[in-house]
Structures are given as structure tokens and as C-alpha cells.
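So the sequence lines, in the order shown, correspond to chains R and Y.
Note that this note's numbering numbers the first sequence so that position 165 is 165, with each residue one more than the last.
Note that this note's numbering numbers the second sequence so that position 1 is 1, with each residue one more than the last.
For the record, the hints were derived by calculation from the structure and aren't laboratory data.
Bear in mind that the values here come from a model prediction, so they are computed numbers and not experimental data.
Heads up, the beta-carbon is just placed ideally off N, CA and C, and yes, glycines get one too.
Hints may be right or wrong, so weigh each one.
[Unchecked claim] Quick list of the computed label-pair ranges, beta carbon to beta carbon: (1) Ala37/Y x Asp277/R: 22 to 32 Å; (2) Val27/Y x Asp285/R: 38 to 48 Å; (3) Asp43/Y x Ala16/R: 50 to 60 Å; (4) Ala47/Y x Ala371/R: 35 to 45 Å; (5) Leu294/R x Ala37/Y: 36 to 46 Å; (6) Gln57/Y x Arg401/R: 34 to 44 Å; (7) Ser425/R x Val27/Y: 36 to 46 Å; (8) Gln57/Y x Asp277/R: 17 to 27 Å.
[Stated by the list, open to error] Simulated pairs of lysine to any residue, SDA-like, Cα-Cα distance not exceeding 25 Å: (9) Lys375/R x Ala53/Y; (10) Lys327/R x Ala16/Y; (11) Lys327/R x Gln21/Y; (12) Lys327/R x Pro241/R; (13) Lys256/R x Leu90/R; (14) Lys327/R x Glu44/Y; (15) Lys327/R x Ser11/Y; (16) Lys327/R x Arg14/Y; (17) Lys327/R x Tyr25/Y; (18) Lys327/R x Arg24/Y.
[Claimed, not checked] Non-contacting residues of chain R with respect to chain Y, defined by C-beta distances greater than 10 Å in every case (computed): (19) Arg55; (20) Lys70; (21) Val356; (22) Ala358; (23) Asn439.
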Amino acid sequence: MSTLPARLPTLAEASAAIAAGATSPVILTEAAIARAEALQPTLSAFITLAGDRAREAARRAEAEIAAGRKRGPLHGIPYALKDIYDVAGLPTTAHSRLLRNNVAGEDAETTARLEAAGMILIGKLATHEFATGGPAWDTEWPPALNPWNLDHFPGGSSSGSGAAVAAGIVPMALGTDTSGSIRLPAAYCGVAGLKPTYGRVSRRGVVPLSFSLDHCGPLAATVQDCALVMQALAGHDPRDPGAADQPVPDYSATLKNGVHGLRIGYAKAFNADAGVDAVQSAALDEAARVFERLGAVVEEVALPPISLFNACTRAISHGESFAIHQKDLRERPELYARVTRERLMMGAFVSSTQYVQAQRLRRRLTEAVDAVFEKHDLLLTATIPGAAPRMDEMETGPWRRNQQPITAVFNVTGHPALCQPCGFSQNGLPLSLQLAGRNFDEATVLQAGHAYEQATPWLGRRPPLG
Amino acid sequence: MSEGDEEDFRSALRRAGITVQAERYDVMLAAYRDFQALMACLDEPFAYAVEPACTLQLLPLVAR
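All chains, please: the whole structure from these sequences, using the hints.
Printed below as a string of C-alpha cells:
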């Protein structure tokens, strides 16, 4: 590979090409920067491009690898961060005028782990302001757009992460997920996105939205790439009070073990309760049949009504985010985009009783999902009803009546959940399935996701960007 | 909703010390009503001993 590639290869492909001497960190980084700059006027995926920093890191990585000091499979490969992750010396804006001049003093734990693995940061990505609200035009930076169709929403809040990975600018970007903000942009942009178990990946150095619902994790071109990145990200951080001290398995060792003998619970009725239509339901039925053909046992299972999960999520997320933003909402509300301001203000309506009752309900809902996992290794659901809506059809008021994600279920319970493409809508936009697993069993989730990815043609479909 | 829900809405804003723009008042009030309707399921009584999630799981302090 001697010329700049139009799209970056997957992380696994890039790693193999570096190992074979067919490409280099400098070539890959220059390609990523060139593609990011070329697509920025179209996609608005980035808040900050850190080209000089990236070039210096790429030269350093190239020298280390040439000297026989390769750190591992991620060494020398470009990536990007949602702009709520701290990187020492770079701005963390959270896509907000409130943090326009906020320069991080130290790396987030996740940033530090990827840097230690030798990855090359090329920039910070667009998000919904403070990882909440929705696409807004009254902020300092425009919202990211969907590479599959620029008239459509890329999902959020990790909107730039989904757009950059789908557009082939970087093979992997980190997002955060409070009720689906990794998995929804992954779904709408047709890539893989993993919300790990609560406590599996450190949140330290990441702008919080809702302490007990926030998760950090990757969006990547493939499930295999998610596994490679998780190997670097997972692990206890004693400085994150929500971190769990659990052993981290070798994700790549089991990735190709297939699904033979695994028991998968298919929440078909739950999907219908959530508003999944016939086209999407047919795609999920077909996904269930693919798993059966691969040797899994698929059985329909019941879950509590989605309205209970929604009530639980809203009471907790609104209450916790309001605690963070109340002072600014009082003193300088004009600096927020309108949609952000109004959605954050909803927290003023959560009573202390509602918050505690929601946490009590949360334990019951978690026990109900755990009961499914006593008999099943995995749970199959939709991600969100329908494909990406048009930008001009997005709800931008304080209360979202439609477009309720199914993803929030696993923010409430904390279980790991992966989204990946499972087909296309009638207007050519990606559809997505969601696979959840037992706590700290990301390995089985990734293993099943990889088996499905290898057995289906969706990976070969790319956005029509060139 | 009850007759007094608009007063509850205004009280919540007052207590929180935040202000809704006049032109967005009706939209926020409608959102408040939708939110309280969704929260109705939390009125279901729990047994006394039903613990909330996210209670403390304390570990011994280890010297660094």
C-alpha cells in the first residue's frame, strides 16, 4: 500500500498490513488525516483535528516498530475520540460553548490505555452537547451527518464517532453510552458498537452525564476490531469509583469459537412492544435463523414492559444530569443549545422519591434480565425501531415521544451489549441487531457477533461516499 | 393530570432556580406532563425491603 487509501482498512487488516511491512503508521495516519480533512465539509464529524500531534506519534510508532519494539496489534493505527474524553493538552469541549476554552490537564484513563497500546489519535469528534440533547445548529460546531445519506441522522450522542468510522476515516473511535449513545450511532451508521458491562471500562477523565448509567466503549468497523480494542480498554481503574475489579479474558482467543451450543433468548415480543415494524422484525427473524444455522439454540423469551425501562432510565438520567448542570442552567443557560438546555431542565421535575423508586425498580428489572441469563448465554433484541430518521424529522423538543431506543435496557441493568448491522431498510439505510450477555462476559457477546458478521454479507456494504 | 399540575410545574422550576423562556413555556409544561405520566409506574408500592440498585459495595481500604 504505497498511496493514500480512499478508506482506511479495518483495524485487524491494518495491524496485519503493518506486521507484513505492507503499510506503516505514517502512511495510515496521513491517510486518516487526509480523509478526515476531505470529508469534514460534508460530514462535520470532527471538532478538533490534531494532525501535528498525530504525525509526531506516527513517526514515533514507526521507529519503535522498525526497532523491533512493537507493542501489540493496535500499535501505529489511527483512532479518534468523542470530544468528551480528555487528552492532555487538547481541548475537551463536549460540543458546548460552556467548555469552549477547556484544555485537559491529563489523559482520561481510556486515552492513556490506547496511547500505551501505541494507537495514534487524529482528533476529537462531534457529539450531542454534553452527550445529551440532540442534533443542534445553535452551538459552535455543526452536528455530524450520516455517511449513508447526508439528509439523515447519524445517531447520537456519539454522532461523530459513528460517522467517522462508517466513512472509513478511522477504523475505531470511542464513544460513550448513557442510554444507547454508542449503539445508536453504530446502528444508524452501519458499524459495530459495544457498550461493555458497567464497571468494565474506566470512565475517569470523561465528561459525565449520568454517573450510574454512563459507559465508555468502542465503535469500530467490525466486531473483531471491537474485541481488539477492548483488550486494551478493559480492566480495573482504582481511580474510577464505578470500576469493577474483574479479570479480563483474552477476547481474541475465543472470538472465532462460533456459536455452536450457545443458547440465545430472542425477545421478539419485547421488540414489538417497543415499536419494531414488520421489515425490521423480518430482518431480526432472519438473524435468529442465521444463529440457528450456525448451531445456536434460539428460543423466544419475555422481558418486562419497555415502559418500565423507559421510566427508570428517564428518572435516573434526568436526575443525575441535572445535579451536574443545575448551576450552569441557573447562571448561564444561554450558553447551551436550546435542545440541550430543555432536556437537561427536565431534571428539575424529578422528585427524590421518584429517583429512589426508579433505583428500586432498576434492581427488579436487572433481576428479571438476570433470570433470562440463567438459562441463556445471550439475548437478541432490536436496537431501536426503524432506520435513521431524516434530520429534519428529528424531535428537538424537551421530551422525546418517538424514536425510543431499546438500548437503554442494558444501561439500566449494566449488562454488556453489542450492536451490529443486520440488514437494510427499504430506503437503503442500515438496520441493526443487539446482542447482550451476562455481566463481564463481553467475550461471548463478541464471539457471537463475530460469527454472525462472518456468516452474513452486511460487512461488505459501505456508504456511497467514495 | 390534576388541576394543580401547572402550579407543581412552576414550583419545581422555582425550587430549582431555573427559568423557562416565555415562548417555550407551553412546550415545557407539556413535557412536564408527559414526564409525570411516565413516572406513574413508579407509584407502585414496593415491599419495605426492596433495595435500590447502586447501593454501596464497600471494600477494605488497601494502602497505595
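Taking the hints in turn, this is what the structure says about them:
1. Ala37/Y x Asp277/R: 22 to 32 Å: holds (25 Å)
2. Val27/Y x Asp285/R: 38 to 48 Å: holds (39 Å)
3. Asp43/Y x Ala16/R: 50 to 60 Å: holds (57 Å)
4. Ala47/Y x Ala371/R: 35 to 45 Å: With Cβ atoms ~18 Å apart, the hint is violated.
5. Leu294/R x Ala37/Y: 36 to 46 Å: Given about 43 Å between the Cβ atoms, the range holds.
6. Gln57/Y x Arg401/R: 34 to 44 Å: holds (37 Å)
7. Ser425/R x Val27/Y: 36 to 46 Å: The hinted range 36 to 46 Å is violated for Ser425/R and Val27/Y, with Cβ atoms some 30 Å apart.
8. Gln57/Y x Asp277/R: 17 to 27 Å: Violated - the Cβ-Cβ distance for Gln57/Y and Asp277/R, about 41 Å, lies outside 17 to 27 Å.
9. Lys375/R x Ala53/Y: Holds - the C-alpha atoms of Ala53/Y and Lys375/R are around 23 Å apart, at most 25 Å.
10. Lys327/R x Ala16/Y: Holds, at roughly 9 Å.
11. Lys327/R x Gln21/Y: Holds, because 17 Å separates the two Cα atoms, which is no more than 25 Å.
12. Lys327/R x Pro241/R: Holds - the C-alpha atoms of Pro241/R and Lys327/R are around 23 Å apart, at most 25 Å.
13. Lys256/R x Leu90/R: violated (38 Å)
14. Lys327/R x Glu44/Y: violated (33 Å)
15. Lys327/R x Ser11/Y: Measuring from Cα to Cα gives roughly 18 Å; hence the hint holds.
16. Lys327/R x Arg14/Y: holds (14 Å)
17. Lys327/R x Tyr25/Y: holds (21 Å)
18. Lys327/R x Arg24/Y: holds (20 Å)
19. Arg55: holds (37 Å)
20. Lys70: Non-interface label on Lys70/R holds, nearest chain Y Cβ at 32 Å vs cutoff 10 Å.
21. Val356: violated (6 Å)
22. Ala358: Given a closest Cβ separation of 6 Å, the condition is violated.
23. Asn439: Fine: 13 Å to the nearest Cβ keeps Asn439/R off the interface.
Hint compliance for this structure: hints 4, 7, 8, 13, 14, 21 and 22 are not met, and every other hint is.
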